[in-house]
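Note that the protein sequences, when read in sequence, are chains A and B.
With positions in the first sequence counted from 1, the corresponding number in this note's numbering is that position plus 3.
With positions in the second sequence counted from 1, the corresponding number in this note's numbering is that position plus 1413.
Mixed in with the good hints, there may be bad ones.
[Claimed, not checked] Derived coverage of chain A by chain B (criterion: at least 3 residues anywhere in the stretch with Cβ under 8 Å from a Cβ of chain B; other residues may be distant): (1) 200-207; (2) 218-227; (3) 263-276.
[Unchecked claim] Below, computed lysine-lysine pairings styled on BS3-like, alpha-carbon distance capped at 30 Å: (4) LYS1448/B / LYS44/A; (5) LYS1448/B / LYS249/A; (6) LYS6/A / LYS1491/B; (7) LYS1489/B / LYS403/A; (8) LYS1513/B / LYS44/A; (9) LYS475/A / LYS1489/B; (10) LYS44/A / LYS1489/B; (11) LYS1447/B / LYS44/A; (12) LYS9/A / LYS1448/B; (13) LYS1472/B / LYS225/A; (14) LYS1513/B / LYS225/A; (15) LYS1484/B / LYS157/A; (16) LYS1472/B / LYS9/A; (17) LYS1513/B / LYS312/A; (18) LYS527/A / LYS1489/B; (19) LYS1422/B / LYS44/A; (20) LYS1472/B / LYS212/A; (21) LYS9/A / LYS1489/B; (22) LYS527/A / LYS1448/B; (23) LYS212/A / LYS1448/B; (24) LYS1460/B / LYS225/A; (25) LYS1491/B / LYS403/A; (26) LYS1489/B / LYS529/A; (27) LYS529/A / LYS1491/B; (28) LYS106/A / LYS157/A.
[As the list claims (entries may be wrong)] One side only, chain A facing chain B, incomplete, derived with CB under 8 Å: (29) TYR41; (30) GLU58; (31) ASP134; (32) PHE230.
Don't read these hints as lab results, they were simulated from the structure.
Don't be surprised by glycine CBs; every beta carbon is placed ideally from N, CA and C.
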Amino acid sequence: MSKLPKSDEYFSKIKHDKTSGAEWMDTPTVIREGMFCYAAKPASVETLGLPFPREWNPLHEDWKLPENWKEIIHKGFRDRLERFRSFKVFMDICVRCGACSDKCHFFIGTGDPKNMPVVRAELLRSVYRNDFTKVGKILGKLGGARELTLDVLKEWWYYMFQCTECRRCSVFCPYGIDTAEITMMGRELLNLLGLNIDWIATPVSNCYKTGNHMGIQPHAFKDMLDFFVDEIEEVTGVLVEPQFNKKGADILFITPSGDVFGDPGTYTCMGYMILLHYLKVKYGLNITWSTYASEGGNFGLFTSNEVMKRLNAKMYAEAKRLGVKWILGGECGHMWRVINQYMGTMNGPADFLEEPVNPITGTKFENAKSTKMVHIVEFTADLIKHGKLDLDPARNDHLKVTFHDSCNPARGMGMLDEPRYVIKNVCNNFYEMPRNCIREQTFCCGSGSGLNASEDMELRLAGGLPRANAVKYVHDKHGVNMMACICAIDRAVFPPLMEYWVPEVDVTGLHEMVANALIIPGEKEKTVDLRGEDILDKEKVGTDEFYTRPSFSGR
Amino acid sequence: MPEVEFNGKTFTVDEDGFIDNYENWTEDWVQHVKKEEGIDEVNDEHKKVITMLREYYEKNGIAPMVRVLSKVTGFKLKHIYELFPSGPGKGACKMAGLPKPTGCV
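Bound-form chain B, shown alone:
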């Protein structure tokens, strides 16, 4: 698998740049994705989304459906796109260190 380097740390990623393992996630990873996504600053709202995603994933072994993410954080889908220009999956889940969902989705 390809590797990316950030701040002297090396991460293994898949073809779309998602981290290989949820447990290898660190604050440096957040900064790496921030740069990749072109996000100016990781603010409290970003952090709220990331915390929610990670807590949900820890409990359920899967990312939450988008509507659950919206409801729990109180952010409308449009606002999530403002926070993460690539969207809840390719932006937010990537920053939170979650794998991509697969199947009929």
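Next comes chain A alone, as it looks inside the complex:
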């Protein structure tokens, strides 16, 4: 990180005409530090029983591959073409029109032509043509086909882990090709040779062993929430009492473990706790946390279908064990892609749970009929709509807020209006970023799909540039000082991204703002928000000295 130049200097060096004139196939890929994540640790690969755990280094010539690696990939490719109709279709129908090419944040931020979604897909498609189509076999390179060589495999690895599976490109594809699913297939194939990255493999292994990505054990999980209980009491004067593993509760609440551990997600977590307390005191709603199903996120999605299914199962097993009616899910990103698009046929149907109805308002969550899991933002929006929350948005008057549509809730489940409805009800100053980079066209944070490590910080800062650029626009125009988002990866990765490109803007989850605006029965007179910032002095945007980020590059 220390090697990275200042942001304006970095920005001036980004060029989008980097081609040497040679065809992409004749342009060798050079694996460069700062642009990739470390290799998966063998212990984590072993825990999951996945193939070929070993120590290897992407910068070394020898990746210690099994002798028959080509055969393994060929067979894996064939199996997936047979199992996944979508994969076969996506391999066949692209006409290389280029509509997607300038829509990718990684291409915009790096200028690397192989980061155009069409070229990223061609990395796989060229081998598909060679191995599985007559045209490719006959015409060879002329027909866009090439053999799978060691260099090609390494190129796959480098670029499959320079895609965040955000699916912005898919929005612009006239054929509706889901490039994220191509990346997923690419990563599945690489996993057949033990070629995962550690920032995915270790969280997955942790989640498999202890129920969450961080590896937080049950007693530590409770300890962390107890810490928040004290903090909440200090600020509000109210003692909240979260329940754990409560049999017979109405609803099971599950959020990403990042919210429990990492700032500023921890304030979002305190926000959930305050809301759940409020609903218990006012309406007798009985919601429980679980120390077993203590992760909403699912890095299995970034590994393979099978691993995703294994991790997803625990949430439903816990819901069944506790006998709750349905599950309430927190502000997570990719969790909602897993639930909304795969759960139904993956671990479902979860017919031992009830079709979700908000017991306070009577609203039926039709969209969650099959998955039995409701997004907390939708739940809160419903409560606000029915006048069930006592809110004072002026308490957030020290904030000028913009909203980042997290990729998966936006494009993976169409959650576009509910977050805006909630924000407008809990604060008075809300400003949208330009329309071609919000809602379903939202720009990725640049660090999703398991790329939020620290060794690939250059990749992250480059990939996050388009989003940061739009934030800078609303900061310059309206004085925006806070970006709200509904994803734990967002909350973890935006602080260093903002620090680099727009240091004046901080990051918050939605429920931190909800809790700050909420008038809790029995609360003391509030002078500070959850971060300890003064809410009475409108001029001064104070900062919690425990939270203040000192000037540092990255984390």
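Fit chain B to the known structure of chain A by using the hints.
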């Protein structure tokens, strides 16, 4: 895994120079990280942070969240950065022999 040598002792480390196993931590390791981090002297405040981190890790199998570290030691985050220029994770946890946290963080 790579190895580093300090004072005649050999430690196995990961790509970021974190010790391979919490139990292999010794006073020599502290001195090694001190040199790497460019810390002049390991004073009582450094020791307080390291002791807190190790005790928490022993009990919970994970590093404490930054706010807990601040609260228990009484050091503001800014001061922790003054003590450990690479920060609570890459500086303090490394010196205390804890592994890096992973996930949505």
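Verification of the hints:
For a cut-off of 8 Å, the count of residues in the segment 200-207 of chain A with a CB near a CB of chain B stands at 4, and the three-residue condition holds. Counting residues of the segment 218-227 of chain A whose CB falls under 8 Å from any CB of chain B gives 7; the rule of at least 3 is met. Residues of the segment 263-276 of chain A lying with their CB closer than 8 Å to a CB of chain B number 6, which satisfies the three-residue condition for coverage. Using a Cα cut-off of 30 Å, the hinted pair LYS1448/B and LYS44/A holds, with the two alpha carbons roughly 27 Å apart.
Restraint check for LYS1448/B and LYS249/A: the C-alpha separation of about 50 Å exceeds 30 Å, so the hint is violated. The straight-line distance between the Cα atoms of LYS6/A and LYS1491/B is roughly 23 Å, inside the 30 Å bound, and the hint therefore holds. A C-alpha spacing of about 26 Å is found between LYS1489/B and LYS403/A, which places the hinted pair at or below 30 Å, so the restraint holds. Taking the CA atoms of LYS1513/B and LYS44/A, the gap is about 13 Å. The hint holds against a cut of 30 Å.
The straight-line distance between the Cα atoms of LYS475/A and LYS1489/B is roughly 29 Å, inside the 30 Å bound, and the hint therefore holds. Between LYS44/A and LYS1489/B the CA atoms are separated by roughly 34 Å; this puts the pair beyond 30 Å, and the hint is violated. For the hint linking LYS1447/B to LYS44/A, the alpha-carbon distance of about 26 Å falls within 30 Å, and the restraint holds. This hinted pair checks out: LYS9/A and LYS1448/B have alpha carbons roughly 27 Å apart, not beyond 30 Å.
Under the criterion of a C-alpha separation no larger than 30 Å, the hint pairing LYS1472/B with LYS225/A is consistent with the structure, at around 13 Å. Taking the CA atoms of LYS1513/B and LYS225/A, the gap is about 21 Å. The hint holds against a cut of 30 Å. Of the pairs offered as hints, the one joining LYS1484/B and LYS157/A is violated, with about 46 Å between alpha carbons and a cut-off of 30 Å exceeded. Simply put, LYS1472/B and LYS9/A have alpha-carbon atoms about 41 Å apart, too far for the 30 Å limit, and the pair is violated.
Among the hinted pairs, LYS1513/B with LYS312/A is consistent with the structure: their alpha-carbon atoms are about 26 Å apart, no more than 30 Å. Among the hinted pairs, LYS527/A with LYS1489/B is consistent with the structure: their alpha-carbon atoms are about 26 Å apart, no more than 30 Å. A threshold of 30 Å between alpha carbons decides the hint, and for LYS1422/B with LYS44/A the separation of about 24 Å falls inside it, so the pair holds. Restraint check: the Cα-Cα separation between LYS1472/B and LYS212/A comes to about 18 Å, which is no more than 30 Å; the hinted pair holds.
Between LYS9/A and LYS1489/B the CA atoms are separated by roughly 27 Å; this keeps the pair inside 30 Å, and the hint holds. Between LYS527/A and LYS1448/B, the direct Cα distance comes to roughly 49 Å. Violation of the 30 Å bound is thereby established for this hinted pair. As the CA atoms of LYS212/A and LYS1448/B are separated by approximately 36 Å, the hinted pair breaks the 30 Å bound. Note on LYS1460/B and LYS225/A: the hinted pairing holds, with a Cα-Cα distance of about 27 Å set against a maximum of 30 Å.
With a C-alpha separation of about 25 Å, the suggested pair LYS1491/B and LYS403/A falls inside the 30 Å cut-off, and the hint holds. For the proposed pair LYS1489/B and LYS529/A, the alpha carbon gap of about 23 Å is at most 30 Å, so the pair holds. Of the supplied pair hints, the one linking LYS529/A and LYS1491/B holds, its CA atoms being roughly 26 Å apart against a limit of 30 Å. Pair hint LYS106/A plus LYS157/A holds up; C-alpha atoms about 24 Å apart against a cutoff of 30 Å.
Interface restraint check for TYR41/A: the shortest CB-CB distance to chain B comes to about 5 Å, inside 8 Å, so the restraint holds. With its C-beta approaching chain B no nearer than about 6 Å, GLU58/A sits inside the 8 Å limit, and its interface hint holds. Evaluation of the ASP134/A hint against chain B yields a violated restraint, the C-beta minimum of about 34 Å exceeding 8 Å. The restraint placing PHE230/A at the interface with chain B holds, with a minimum CB-CB distance near 6 Å, inside the 8 Å limit.
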